[in-house]
Structures are given as C-alpha cells and as structure tokens.
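Visitor: Residue-level listing of the chains:
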Amino acid sequence: MSHFERRCNKEEDLPVYLARPGSASQSASQSPRQKSYGMFSSVEGAFENKSIALESYCAQRKRSRSRENLADGDSGGSKDMGTVPSGKRVSLSLSERLFFCDSSPPSSGIERRARRVRGSDRLLIKGGRVVNDDLSFFADIYLEDGVIKQLGENLIVPGGVKIIEANGRMVIPGGIDVNTCLQKPYLGTQTVDDFFQGTKAALAGGTTMIVDHVTPQPGASLLQAFEKWQEAADKKSCCDYSLHVDIPHWHEGVKEELEVLVQEKGINSFQVYMAYKDLYQMTDTQLYEAFSFLKELGAVVLVHAENGDLIAQEQSKILGMGITGPEGHALSRPEELEAEAVFRAITLGNRVNCPVYITKVMSKSAADIVALSRKKGSVVFGEPITASLATDGTHYWSKNWAKAAAFVMSPPLSPDPTTPDHLNSLLACGDLQVVGSAHCAYSTSQKAIGKDNFTLIPEGTNGVEERMSFVWDKAVAVGKMDENQFVAVSSTNAAKIFNLYPRKGRIAVGSDGDIVIWDPDKMKTITAKTQQSAVEYNIFEGMECRGGPLVVISQGKIVYEDGKLHVQQGVGRFIPRKPFADYIYQRITMRSKTMAARGVSRGMYDGPVYDIPATPKYVTPAPSTKTSPAKNQPPPIRNLHQSNFSLSGAQVDDNVPRRSGHRIVAPPGGRSNITSLG
Amino acid sequence: MADRRRDWWDKEDDLPVYLARPGTTDQVPRQKFGGMFCSVEGAYESKTIDFDALSVGQRSSRGAGQRAAARGSASPEGGEREREPEREPEREPPREAAGQPGDRGVGIISSTGGAGGKELLQNLDDLGSDRLLIKGGRIVNDDQSFYADIYMEDGLIKQIGDNLIVPGGVKIIEANGKMVIPGGIDIHTHFQMPYRGTTTVDDFSQGTKAALAGGTTMIVDHVIPDPGSSLIEAFDRWREWADEKACCDYSLHVDITHWNDSVKQEVESLLKEKGVNSFQVYMAYKDLYQMSNSELYEIFTFLGEMGGIVQVHAENGEIIAEEQARMLQMGITGPEGHVLSRPEELEAEAVFRAITIASQTNCPLYVTKVMSKSAADIISQARKKGNVVFGEPITASLGTDGTHYWSKNWAKAASFVTSPPLSPDPTTPDYLNTLLASGDLTLTGSAHCAFSVAQKAIGKDDFTQIPEGVNGVEERMSLIWDKAVVTGKMDENTFVAVTSTNAAKLLNLYPRKGRIAVGSDSDLVIWDSDAIRTVTAKTHHSAAEYNVFEGMELRGAPLVVICQGKIVLEDGKLQATAGSGRFIPCSPFPDFAYKRIKARKQLAVLRAVPRGMYDGPVSDFSPMSRGGTPSASARTSPTKQTPPVRNLHQSGFSLAGAPSTEETPIRPAGRRIVVPPGGRSNITSLS
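Heads up: the sequence lines are chains A and B, in that order.
Using the numbering used here, the first residue of the first sequence is number 1, and each one after it goes up by one.
Using the numbering used here, the first residue of the second sequence is number 1, and each one after it goes up by one.
Just so you know, the hints here were simulated from the structure itself, not pulled from any lab data.
Please read these numbers as outputs of a predicted model, since none were measured by experiment.
The beta carbon of each residue, even a glycine, is placed where N, CA and C say it ideally should be.
Check before you lean on any hint, since a few could be wrong.
[To be verified] Examples of chain B residues lying across from chain A (beta carbon under 7 Å, computed): (1) Glu336; (2) Phe352; (3) Ala454; (4) Ala457; (5) Glu492; (6) Thr494; (7) Ser580; (8) Phe621.
[To be verified] In silico BS3-like cross-links for lysine-lysine, where the CA-CA straight-line distance does not exceed 27 Å: (9) A:Lys228 with A:Lys295; (10) A:Lys255 with A:Lys228; (11) B:Lys385 with B:Lys272; (12) A:Lys529 with A:Lys480; (13) B:Lys373 with A:Lys364; (14) B:Lys385 with A:Lys364; (15) A:Lys295 with A:Lys235; (16) A:Lys317 with B:Lys373; (17) A:Lys317 with B:Lys573; (18) A:Lys375 with B:Lys384; (19) B:Lys385 with A:Lys375; (20) A:Lys235 with A:Lys557; (21) A:Lys376 with A:Lys593; (22) A:Lys364 with B:Lys601; (23) B:Lys385 with B:Lys373; (24) B:Lys385 with B:Lys573; (25) B:Lys272 with A:Lys593; (26) A:Lys317 with B:Lys598; (27) A:Lys255 with A:Lys317; (28) B:Lys264 with A:Lys364; (29) B:Lys601 with A:Lys376; (30) A:Lys126 with A:Lys593; (31) B:Lys264 with A:Lys375; (32) A:Lys317 with B:Lys489; (33) A:Lys375 with A:Lys557; (34) A:Lys376 with B:Lys373; (35) B:Lys408 with A:Lys593; (36) B:Lys598 with A:Lys529; (37) A:Lys376 with B:Lys384; (38) A:Lys317 with B:Lys408.
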C-alpha cells in the first residue's frame, strides 16, 4: 500500500484548481500547494482542516513551556530556516509550524549532507518505517528544535542536519511510562533511583517520557509536595516528565489544592488508595466524594485497588502464624482482594460517571474484572506493569531473602505462573490499555528494613528500562500483538488518556521529537550488571529478551546510540496536561447528559399516614438521617393538572374491614382515591 | 414404572416363611414396602431412620438435640403389624369413595366411623387427625419421585410404601396420583418486625397462616436486635412472640447489628445453646446496621470457626448514602428515588466483596435477597470458582420487577419498596428463575415484611423513610411453580429442592424437614399442579392492603397442607391454631455447607519459607517517620514478633557467582548503608 502512496508523490504538477481550500487564510495567497506524503495523502488535501491544529497547539505550548521553566531554547532556532539552498520560496509561519509549500523537484533537497556544529538539533531520519498506533508507513522524518517538522519522502531540509539512516527499521514514538516512583520516600529513606538515574534507565529502554507519582505524606499539602517533586525532577530529569499527584487523605482542604493543581499546574491525574489502612486508605464514602469532585475537574482517577481492611486482617493473622518473610506479603494480599477492590472502584466509577484508571493490574482476576466491565460499557482503563507482564510471584518463596524481598510490591505479583501470558493477551486485544513500570527501586539494604517483618519491606520493583522490550518480547515476538498495538500500549494510549496526544505518542508533524528506532531482533540478557538503574537486584535477572531500542531520540536529540547513553541532567521538561482528555471524557460528557435521573410527577399522597412517635426508640433504618427531608426539601407542590380521579373501581376495598394492629390517622377529608389499591 | 411394580408386589402377599427377614422374631409378619423403596426386599431394614427411637423421645428430645432424626432404622413395629389382616377391608371402601367425586380432587375420609371397634381401641383418647394416611400420591423429593402411600402419626411420617399396615382410626386422604411434596420452608421472613414504634402488619399468626395457605409449613424469621442491645434478649423476645402465635414450626436467624466481644459471646451461646445457626450481617444501612470490612472479616472468621452460616444483606451502604443524598437534592422524593439510589451495581459490588471476604476466611456465605441479574451472576461465577456461597432470590425478585417504582400511584409504588430494590430490568425474574433451576441459586425465601399503606406513607415526602418490605410468603411456592416449572425450566424435584430441601439442609434440619421419608416430620403438601388462582389482596391471607403480585395468574397451588401431622388446609379452608408452632433448633456445622469448608481448612495451612537469617546491611530508617509506615500493620510492631530462629541446617552458602554486586558502580546519594562488622554475608548475594 505504501508503494502506491509513494507513486503518488510523482504527480508533481497539479493544476491550480486542486490547490487546497481554505489555505488562503493561513498563508499568503500565493502559497503553493502543500504536499503531504505517505499514507497521509490518500486523498489529496483531505487532512487539511481536519488534522491537528498545530497552530493553536504550538502557540499554547510555547506559553506553557516558558511558564513551566523550560529553557530549552527552541524558539531561537526557527529563524535561520532561510538556509534552504535552492532559493525557492518557503513559507514559514512564525510559530514554527511550517509547510514546505515548495514544488521544487525532490532531488534538490535531500542529497545535501551539509553538517553543522549544532547538527544534533536538526535531525533527519531516513528510510525508516514509521509505526504509529494506527498504521505503519515508510517515510523520512525531519526534526528541528525538538519538534517533528516534516514527515514524508524527499523532504526539503535545511543544511546542517544530522542524518540517521534507519534502513527500513521501525521508527516508533518514544515510550511513555505512566507509572514511576523515582522519589518515593519510605521511612526516611528514598528510592535508589532518583530522577536522574531513573530517566536514564528509561531512555536506555526506549522510554522518552515518564509520569511520576507525587506522594505527599498524609496531612501534608499536595501543592508543596508537587513543587518539591517538580523541583527535584527539573534538576535531574533527562527526559520529559509529567506528574500524577496521589491523594493520601481526603478532606475539604484538598479540594482547593486539587483545583489549583488542575487549573494552574497542569496536572490531570490523581491517585487514590483503597489499601494501606490507617494511612492512605479512603473509605467508600470518601472515594465517592473524590470521584465526584475529580470528575467535575475533568481529571483521571488512578486507583490503587486492593482491599486494605482485609489486608490488615490477613497481615496480622499471618504474622501471628509466625510467617515473617516475603512470602507473607503475597499470602496476605491474595489476588482476590485486588479483584474485589477493582470491582468496587469500577462500581464507584459507574455510579459517579467518572473514568477510572486501575494502576498496576497484577492478577488474572483483576484483569478479567476490568475486561468484563469494559464490555459492559464502563469507562475504565487497566495498566499492567512490566513486572506483571514478565514475571510471577513464585519468587516470593525463594530461599534467598534478598531475592524474595526484591519482588515485594503491592499488589503483589501473582503466584500463578500463567498470569503474565494472560495479561499479555488482554493487552494485545485491548482489554488492558497501558503499560507502566511502577518502577520504584529500593536497595537490598533498604528492603532489609523488613527483614523480620514482611509488612515493613519497602514496596517496589524495577522495570522502567525493561518495559518496552518485555512487551515486545512477550506479546509481539510471540504473535499476540502487532507493532501498531505495541505502539498503542507502550505510548499512544497513555498519551491519549493523559491528554498529551498528539504532542506525545505519535509521529506526526508538530509532535515532539521523541522517537525510537526499534530493533525487533536485538537480543539482550537482563542483568543488574549492565542495567542503568542503581538497584542491586533486577527482578528480571537472567531473562532473555528480544527487541530493544537502537537509537533513542528525546527532544530532538540523540540520547542513545550504539548502546551508549548521552544524557544531560536537567534537560527534561515538565509537560503540563490539561483536564478533560477527549479520549475519556467524550463518553463521560455524553453520559452525564443522558443519565440524568428524573422523578415521577404524582399527585400528593393524601391517604392515611402512620403516626411515628416523636422520639423513636431507635433511628430509622434508612441511612440518610443526615438529609432530613424537612430541612432540605421544599414540600412538593401539588400538581393541579394531575388528577387524582380514577375510574377504576375505586372504593372496592373500602369496605374491607381494617385489620387490627395498625393505627390509621385519618385525615379530616377522608381518604382520597390516590391511595386506592387498584 | 411405579405402577407396574405396585402390581407385582400386591400379588406377592403370601411369601414363605423362609423369606421372613432375618434378625426379627418369627412372629413378626413380613413388612411391606412399596414403590422405589423396595428394590431389594428388606434392604432398608436397619439403615433408614430409627423412627421408634425418635417417636419416643421426640417431643422432649427435639427441643435440644434433634439431630438424631438422621439415623436409625425405619421399621414400623409393635402393635400395628398385628392388624395386617384387618387392613385390607378398610382400604377398599375409601378407594371407591374416592372415585366418586370425579377423580380430580383429593378425598379425605375418616375411617374411624365405619370400621368397627378394634381400631377405636387405638384411638381411645386420641384425635383422629393425628393419624393420617395419604394414599395414592406421587411422592416428590428433591432426588426422585415415586408412588407410595404415607402413613403419619404423632406428627411424624411412620411408614412409606404400598399396602401399608396401619392401625385403625386413621384419616385417609386420597391423593389420586397428585404430587405429595415436603412442606415448603420459607427461610426468610420478617413477621411482627418492629419498625419505629410500629410493627409489620403481619404478626406471627397472620404470617404463618399466609405461609400455610401457600404450602409453606415452616418459616425462619429474622431476629433484629437494636444496635447496641443484647442479641439474646432480642432472641428471647422473638421466641416469646412466635411461641404465642405461630401456627407452624419456625426457626430463627439472628441479625448481628453491631460487633464487639460481648456480641461474640452471645453469638457463641446462641449457636451452642439456643439453636440458632445462621446470622445476618448488613453491608448497607450506613450508621445503623452497616459493618465495616474489618468487622465483616472478624465475624466471618468467628462464624466460620463456630460452624455458623453467615447471611449478608449485600449492598454498598456508603455509596447508597451518597446517592440518596444526591437524589433528594435533585428533588426526587418518591419511591423511584429508592431504586435510583440503590442501583443493582451496588448490590453486585457488595456480593462480590462478601464473597471475597468469605473465601479469605473460609466461611460459607449465604446471600439473602438476590434481586438483580448482576448479583446473581456474581454468585454463579463464584460458585464456578469453587466458593461456598448460596444465593437466595425471593418471591418478589422471581415474580415481578422494579418498573412499578415509577407508578403514578404512590401507594402502589411504595408497596414495592424493599432493599435491595427490585430491578427495573423486566427480564430479571426470568433470568433468576433460570439460575434457580440450574442450581446457581440455591434456595428461595420470601423476605415477607408487610407494611400497611399508612405505614409506608411515613415516607411520603422522602423515599428514604419508607419502611422497606414486600409480601410474598403466601405466593412463594405457587410463583416458583408457575415461573419455573410450568415454563419447563425446572423439574418437580428441583422445585422441592429450592423451596424446601436445600433450606433444610442449610439449617441442618435435614432430613427432619425438607424430605418425605420415614422419620421425618409430617409437614407435607399435596400439590395441585394445574390449579390456577389469581393473586389479589382481597383474598390473600396477609394483612397487607396491597399485594405486589396483584392480578397475577399463578398456576399451581397446594390442595391439602399438612403441618405437624394435622390437616391445616383443605378445600381452600385454613384451620390453623395460633401457638401450635414449635421452635426448631438448628445445630451448627451443617454438612451441606461445612463438609467442604472443613476439608479446605485442612488444606489451607500456610507455611513460612525456612530461610537463613538475613544478615546483610540494613538501611537506617526512622521508625516514626512523618507519615508512618505505608504498610498496613502498624499495630503489629515487628519488635513484638519473635525473631525467626536461625535454621542451622539451612546453609547460607551458595556457589553461584557470589558477591558480584559489590562492583555496582553507582551508589547514588540518599542511601545510607550500615555495613555490619563482619562484612556482607553471601546470603544477600544477588545471584
């Protein structure tokens, strides 16, 4: 198919009447026909007014970027575009968005190999097969200033570009790891992988963006915690990042902070916990309120789904039995508790009409619940992680304490060895959407805090570096998944859910220059010796894994090549995210319109009413004592159009003698026939 | 098949002496068995229920133990046998008489009058109705159906078979081939339930009369103590009410409305001394009855050990409370708000949670009032996964749906208010009947809890104040017959199982109740599978003014109901005596639920992994960090744990490429290592 598209490129001279409509408004009237290539041009000009509104997008981004401290210096580069050697007229829009409206013969542009000193700012990837989540096609990609400027064949590029020959290899959007904990404090210590170490590992694995969890202490301010995280990440991060904020504690004050975070700070996802009793755990009522509130804000609710009450009970039972090793962790958190909480979270989400995102789907039963509810129409997303896709929980029974403890995380890995396969299948068929890593690396000595009590073992496994490779190895290389779905689960879906699309998660003109050239045949043995993470034990130790990045480009710069990393601390930008992501909120918005409940308009009941004693011995079984109808509810107005009159044998039962045992307070006017039991 | 067999046996009246059964004295005539029971002559001799032992100590011993009902031999003995010769002449007239009324009905003939003096000797001071013979009926148990006569005396079934040898003075009921089934057991009623100073309009007398009229001969009522009050006191109060008024045998569930150690003791004594084996907990009714997950876990664990059955009212009370507030805020105050604020998802969620807790604690679970498809699905899925869970749909959920909540007639809409609510999905009843037929749902109750319209009107301006409950005790059996058996979903044996036998098994009353067998209580129903009646509040026996099944035509009805060996319903006339009902104590550990639980208990022993002690470096940590430990067990401080004893046989030595990790190049800041004096031992090697 792509051959056909290439042939299209030869039709150079199109008559004027085919000039695209609506273009005059954007550029000067002389602006020549714009050329699009590859699959994009199946209908000439069809994409014109439909595709990404880069104009507005970029402008906005500009603003937000500069606000968010990102001195990436990209605004300067666009002015010296005049180096197009052929001298043909090029129309450039000021906002870096450019259409090369140039009808010059294709040969003139590409052959140039002029390189400049600052060549790495301008990149041309030649001969790659661009793989997006919807299609794959052959095209060259020209990057400048960290943004994809051109996509197609026979691109006209300025001089001084660095050219990467992809030789037909897959070129995919850089991975997005939506679940990392690179600065999670635990009892006064911190994870060994900080933002520098962690993002380095991410880049080495083909992931060009991470979304980290801000975990404030209960009672602490969310905003302060957010700023602390942002500061740390700005200093150290080597790739773009964004942040989720965990809500450790629900109270009125949190609401204001959430509003600020959503509206001013660019956060659109918040995590709530159903586990960690007496610490982070929320009751169902709190969850209901949190869900309702976050839905109003247009945010995504991430749920750590485990039943904390039962876990606490099981933990004390198991400690009481004298089981103190890491196996107790798995025993006290059986997968049923995960499935139960997932089910409850989805129920809550349905009630509130709020999208729910289940972080860390670790077991078959939890995944099945997610899949089932999606079939019933719930707006729910499931995120398996590297560990649950690649390994299982049998290692908790390892004789080597350090090894067993390295696997400790919550929800735990399922001891069922068929779990990874099952999760990969669901991921391939779309029942699970996103792959995270839940990378939260603690050293063995930190894990040893819990050497006499498994409940004290800090929870977390590695996985940010191995994530992409394992999905490839376990799903694509075995034929469960195609390369497009691979891109979807490792990058695009995450970008869509968290409203980064199409800036991230897609190779398209105007998207960020986060690109990976993927080698599907690269074999690699995972070991702690060669990994980037600082953790001493890699839970995938010794596993062979097919597929890996050859070249990783982040922000338009080559950061990984020939197995070597060239990263720079602090170049990572915070990517703000706006609420109401279309991918999830379109459905939610429609539903809120149609789901409005309506009362039945009835005549007022004016029959006998049983006299309730003023002070009943005990409260009403109806749980809503708080909403006393007398206070809040205006008495329903009698609808005069609603007739009480009925022709059905009204008084038939009036002569049925009243049975003993109930006192009837007869109203002065006698019974009206609205109470007739016809 | 049964017919052929009867003929054959009838001919063999004169058997040689050498065929007299072994182990009996020679004078004893051969005892006759009939029907399926005598596939091998005498095979039942010493195996079936020892009704002799039972009948002697029955009245007294039943009060306490009554499990003896299960065992023993079933031979009718003593005086009855000698009168075999006289029996034949007595049998003949009734047969002819029965033929006359037109062969359709059931004839009841008292033989005391015409049969001469000998029989009267037996009945000197006895009432004729104490001895009953049901002739020519088709006995339907949950496992099989067969033709046999049933002889009852003293409220017990004494003989089953063809050509029974019965004493004189028996009342004979000609069943004419109609079904004879064990009396129904309604495992869920709320008679005389107090509610805000009033009580339900059906007290124990009214309610049990309605039950009997519908073919139910035993009810199990819920004791609902006020939160904070004593369970035993409430239990005694209920017993008093019921003993005074109940017309049929009854038993009691006790609801656990709050949980603490004293409740625990009360539950124990109820289980062990008072004959209660099932307890209900609530997952709904926030701030009133609702239990937290931790409490549920404790209750389930406790009852799992004590052999009780946990019943749950499964709805997520917290979300309901939120939804109710929302509905009221939106201005929805009518009964439709009830169902809008309690969508079936919340029921399914709670069922799922309850099953999870039960499976964690290895405790059998009983879900009361399965009202929706999704809840029923969860139960059937859990059963497929092996969970010990029983679902109880009720008359209302099997017979009607929740569309009536939107009725313009407030009184009508309000009369459907129950919790969990009826599902607005009109296909629900059909679906539940199917699951009931397939065995995924186990038994049926009625959740009969009848309030008058005036009582319902307490909530006329606020649906949350409407007292909850629907009728159904009278319609239960007919409705299931009509919806499941007539439609071909269910066979008659399953019908008996879901209306009676399974309940008896779960209450540990089987085979005393729930089966027609020698030694069982004579609670029987002659069932007319073709009778059609229209349900209406005008003719029903409940005191409720509105019947939720109003106007439904139901096929199948009891013709004759025999309770405690007495005919209480014939020809549509009810002759019940208030106060004749006995309390039937239930014992813990019913096999139906606990056999599997016990087996699992032995398997489910958790074992620790024997390891050498970790003696590597341990990070410095601040035990009281700002936020406390993220792990949930702050209460179980590790210092209280006895340190694991080092297993000296367990070598820490390993040959695998040992301390290679020492070379890990990067030691990022923020990580303090406490190096032990002896250096790292290789147990920490990360091979």
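Visitor: Would you check the hint for A:Lys317 and B:Lys598, treating anything up to 27 Å between C-alpha atoms as holding?
Guide: holds, 19 Å
Visitor: Given B:Glu492 as an interface hint, is the shortest Cβ-Cβ distance to chain A below 7 Å?
Guide: Not OK, violated: B:Glu492 not within 7 Å of chain A, min 34 Å.
Visitor: For a C-alpha distance cap of 27 Å, please report whether B:Lys385 and A:Lys364 respect it.
Guide: Measuring from Cα to Cα gives roughly 13 Å; hence the hint holds.
Visitor: CA of A:Lys317 to CA of B:Lys373, is that 27 Å or under?
Guide: Roughly 35 Å separates the two Cα atoms, so the pair is violated.
Visitor: Are A:Lys317 and B:Lys489 close enough, with their CA atoms no more than 27 Å apart?
Guide: Given pair A:Lys317, B:Lys489 is violated - Cα atoms ~45 Å apart, limit 27 Å.
Visitor: Check whether the Cα positions of A:Lys376 and A:Lys593 lie no farther apart than 27 Å.
Guide: Distance ~19 Å between A:Lys376 and A:Lys593 Cα, so the pair holds.
Visitor: Between A:Lys529 and A:Lys480, is the straight-line Cα distance small enough, at 27 Å or below?
Guide: violated, 31 Å
Visitor: Given the hinted pair A:Lys317 and B:Lys573, is their alpha-carbon gap at most 27 Å?
Guide: At roughly 58 Å apart (the allowed maximum being 27 Å), B:Lys573 and A:Lys317 break the hint.
Visitor: Mind checking the CB of B:Glu336 against every CB in chain A and telling me if the closest is under 7 Å?
Guide: holds, 5 Å
Visitor: Verify the proposed pairing of B:Lys373 with A:Lys364, using a straight-line Cα cut of 27 Å.
Guide: Holds, because 24 Å separates the two Cα atoms, which is no more than 27 Å.
Visitor: Taking 27 Å as the top limit, are the C-alpha atoms of A:Lys364 and B:Lys601 close enough?
Guide: holds, 25 Å
Visitor: Check the hint pairing B:Lys385 with B:Lys272 against an upper bound of 27 Å on the C-alpha distance.
Guide: violated, 32 Å
Taken one by one, the earlier hints fail for this structure at numbers 5, 6, 7, 11, 12, 15, 16, 17, 24, 25, 27, 28, 29, 30, 31, 32, 33, 36 and 38, listed in ascending order.
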